[in-house]
Amino acid sequence: MTATLVKEASRPAAASTDDVRRRPRRRGRIIALLFVLPALLLLGALVVYPVLFSVGRSFFDASGTRFVGGENYAEMFRDPATLKAVRNTAIWVVVAPTLLTGLGLILAVLVEKVRWATAFKLLLFMPMAVSFLAAGIIFRLAYDEDPDKGVLNAAVVSVHDAFTGTSSYPTARARDGQGLTKQPDGAYRTTAALSPGDTVTLGLVGVQPKDLPGGAEPAHAAAGRTPGPDELRGVVYLDFTPGGGGEQGRVDRRESGLPEMRVEAVRDGEAVASTTTASDGSFRFDGLSEGSYTVRLPASNFAPPYEGVSWLGPALVTPAIIGAYLWIWTGFAMVLIGAGLSTLPRDALEAARMDGANEWQIFRRITVPLLAPVLTVVFVTLVINVMKVFDLVYIIAPGPVQEDATVLATQMWLVSFGGGNNQGLGSALGVLLLLLVVPAMVFNVRRFRRSQR
Amino acid sequence: MNAIRRGLGNGLVQAFLVVTGLVWMTPLAGLFLSSLRSAEDTATGGWWTVFTSPGQLSFDNYSALLDNSGITQAFWNTVLISVPATVLVVVIAALAGYAFAWLDFPLREPLFLLVVALLVVPVQIGLLPVAKLFGQLGLFGTIPGVVLFHVAYGLPFAVFLLRNYFAEIPKEMLEAARMDGGSEWRIFIRLVLPVGRPAIASLAIFQFLWVWNDMLVALLFADSTAQPLTVELQSQIRQFGSNIDVLAPGAFLSLVVPVAVFFAFQRHFVQGVMAGSVK
Chain C
1 MTATLVKEAS RPAAASTDDV RRRPRRRGRI IALLFVLPAL LLLGALVVYP VLFSVGRSFF
61 DASGTRFVGG ENYAEMFRDP ATLKAVRNTA IWVVVAPTLL TGLGLILAVL VEKVRWATAF
121 KLLLFMPMAV SFLAAGIIFR LAYDEDPDKG VLNAAVVSVH DAFTGTSSYP TARARDGQGL
181 TKQPDGAYRT TAALSPGDTV TLGLVGVQPK DLPGGAEPAH AAAGRTPGPD ELRGVVYLDF
241 TPGGGGEQGR VDRRESGLPE MRVEAVRDGE AVASTTTASD GSFRFDGLSE GSYTVRLPAS
301 NFAPPYEGVS WLGPALVTPA IIGAYLWIWT GFAMVLIGAG LSTLPRDALE AARMDGANEW
361 QIFRRITVPL LAPVLTVVFV TLVINVMKVF DLVYIIAPGP VQEDATVLAT QMWLVSFGGG
421 NNQGLGSALG VLLLLLVVPA MVFNVRRFRR SQR
Chain G
1 MNAIRRGLGN GLVQAFLVVT GLVWMTPLAG LFLSSLRSAE DTATGGWWTV FTSPGQLSFD
61 NYSALLDNSG ITQAFWNTVL ISVPATVLVV VIAALAGYAF AWLDFPLREP LFLLVVALLV
121 VPVQIGLLPV AKLFGQLGLF GTIPGVVLFH VAYGLPFAVF LLRNYFAEIP KEMLEAARMD
181 GGSEWRIFIR LVLPVGRPAI ASLAIFQFLW VWNDMLVALL FADSTAQPLT VELQSQIRQF
241 GSNIDVLAPG AFLSLVVPVA VFFAFQRHFV QGVMAGSVK
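Sequence lines, in order, name chains C and G. The end of the first sequence is residue 453 by the numbering used here, with every number in the run present. The end of the second sequence is residue 279 by the numbering used here, with every number in the run present.
Next up, chain C with everything else stripped away, as it sits in the complex (with noise of 0.2 Å):
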């Protein structure tokens, strides 16, 4: 796992004492032992004793006082708390290193193809310096709810516009009685029934006159305009006249129009046509069949705004925090599984270019499976990671969503240190942490081992 920079070591020169000069075999050892003394004591010290501390301290109760047994581990799967910080880490676990992986195998192949990739390089891997605390608070920025501060609700919020359209009116509302009959989904439609050749002015209220779309004109002229025989004409306005005066249910002079706001004309329940009010509020349908009509001012128009998404909500904080993490760390895996990309023998992605493979081919059936080793280095050295994650969760997860987004070396603080203050379920949590990672401590045993050979 430490691999690419680390090559294997060739055999150390054990040898070396017995060699030409011999010197007194007793003080160079002694000397031997100086030079790794230090290292030896604070490892025994403050790594080797506090792991049987731990796993010892792992037994007791919560003052230390009282053996029980294997409770704390039994009491880590009973508690909702550690059992919901279980699950975090397994989702972190699976997801992360998997996005991370395939993310940095596409990234790699594709920047192969540019002139610019070392730039490209640099400027992904430069997250990797950027301490977890900061990577915190740009990503607490970045989520802030509020699409007019979070950058990320901004975009959603802009593309979800974009395609649905916004709602300008979702304060306006009808006077009872005045002609407009609400309907269940929000709507506005017109009590009387109407047809061809006939005007029809639709009041509301409820709309600040600052909330006005900049543009809006007076109503006043077109509700007096005369419709042509198959011609359905309007305006929507504002039924209130600024600084008073004025006359309900009438257009009067001051009063403004309702621009951009959709009508349609309703017959026998369908919409058969629809329009959008023009600046001054007014509309009109041509070349409607005789018949009767109403017109219907759709629930868009009054749907409230488009809010965007709760990135720190429960429900999607722990996604939002390994999009966090997602930045920091794709930079690594691209740089890891490029530097692999470029041992792969050029004939080979040659022969097959050559019997006419496409790319996608030659991605698929051979660049992966080639791959493979160091695809399995990346993500098992991501794994290690992600199970450690301890800071970006503290940072970026609001304090009341803090125990929707826990994580084991979350937990493992609040239990032991943030107000829990319970040790010996902390010391469980934390050997929990160091069985997850035997694995590995295995795996680099052997590895080293079998090297040495």
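The reader is advised that the hints may include incorrect statements.
Stretch-level coverage of chain G by chain C, calculated; a stretch enters the list once three of its residues show a Cβ under 8 Å from a Cβ in chain C [unchecked claim]:
| id | region |
| --- | --- |
| 1 | 21 to 32 |
| 2 | 113 to 127 |
| 3 | 147 to 156 |
| 4 | 230 to 238 |
| 5 | 243 to 254 |
Residues of chain G placed beyond 12 Å of chain C at every Cβ, according to the derived structure [what the hints assert, rightly or not]:
| id | residue |
| --- | --- |
| 6 | G55 |
| 7 | S63 |
| 8 | D67 |
| 9 | V83 |
Hint data in this document are derived by calculation from the structure and do not stem from the laboratory. Glycine residues also receive a C-beta, built at the ideal position from the N, C-alpha and C atoms.
Given the structure of chain C, go ahead and fit chain G onto it with the hints provided.
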């Protein structure tokens, strides 16, 4: 025909990578622009509004930051923790790495296997026991305590890396130096360290980065006078919105140093991070 298709494909690839690059830059750009705006501006609109009203931008937050004794103290603490923790790891691991590679002493092989096994031990398991130990020794809460913890947990990887690199030194070179009557100490200083420079550089950069960016260890082991920038900033995160004029420039300040190191020593940086990624 094929050439056209390939050209088109390449155009798509370029476009895709350009977009990806822009997406990757946006978070950092957002942080930097946010760090130049007042908390009130940030509360009413996103950082992208500076493109339409650049008047919001000013270095006021940064000058306030320099007058904020909590932040400046924390910045120095970060330096006072990172530099010794890096130097000590390099020195101690180089000594041990040389001994493990070329000197003879009892239990050399099993001890080195232990070091290899310790490579992946999570920091978390050491927190509680070492805190108790440091409490008894009077090191809890102090900068030397934080440094020692980082050194200990940096050592397995450091010893592993350097021992493997030193083992590659040709035997004849060492033999010749011994023939000339050099002591092991002289050989270590005059021969091993210079030859091992690339590995030492990668190690030093990795360790520096690791310690500079650490929050977890310092969160527990540093009291309020010893706490580094990361801990000082996280203590303000509860009032995220109202403290953004401290958090954003503070975060930027904390990442300027490692990013500068990154650009100054790209190759060693990448190698160090790659090699140390198991930690």
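Here is what the structure says about each hint:
1. Counting residues of the region 21 to 32 of chain G whose CB lies closer than 8 Å to any CB of chain C gives 8, which reaches the minimum of 3, so the coverage claim holds.
2. For a cut-off of 8 Å, the count of residues in the region 113 to 127 of chain G with a CB near a CB of chain C stands at 15, and the three-residue condition holds.
3. Evaluation of the coverage hint for the region 147 to 156 of chain G: fulfilled, as 7 residues show C-beta separations to chain C shorter than 8 Å, against a requirement of three.
4. A count of 5 residues in the region 230 to 238 of chain G with a Cβ less than 8 Å from any Cβ of chain C is obtained; the coverage claim is therefore met, three being the minimum.
5. Only residues whose beta carbon comes within less than 8 Å of a beta carbon in chain C count, and the region 243 to 254 of chain G has 6; three or more means the coverage holds.
6. Consistency note on G:G55: stated as away from chain C, and its beta-carbon is indeed over 12 Å from all of that chain's, at 18 Å minimum.
7. At the 12 Å boundary, the C-beta of G:S63 stays outside the reach of chain C, the nearest C-beta of that chain being 20 Å off.
8. With a closest Cβ-Cβ approach of about 21 Å to chain C, G:D67 is found to remain outside the 12 Å limit, as its non-interface label requires.
9. With 12 Å as the threshold on Cβ separation, the claim that G:V83 sits away from chain C holds: the shortest Cβ distance comes to roughly 17 Å.
No hint from the list above goes unmet by this structure.
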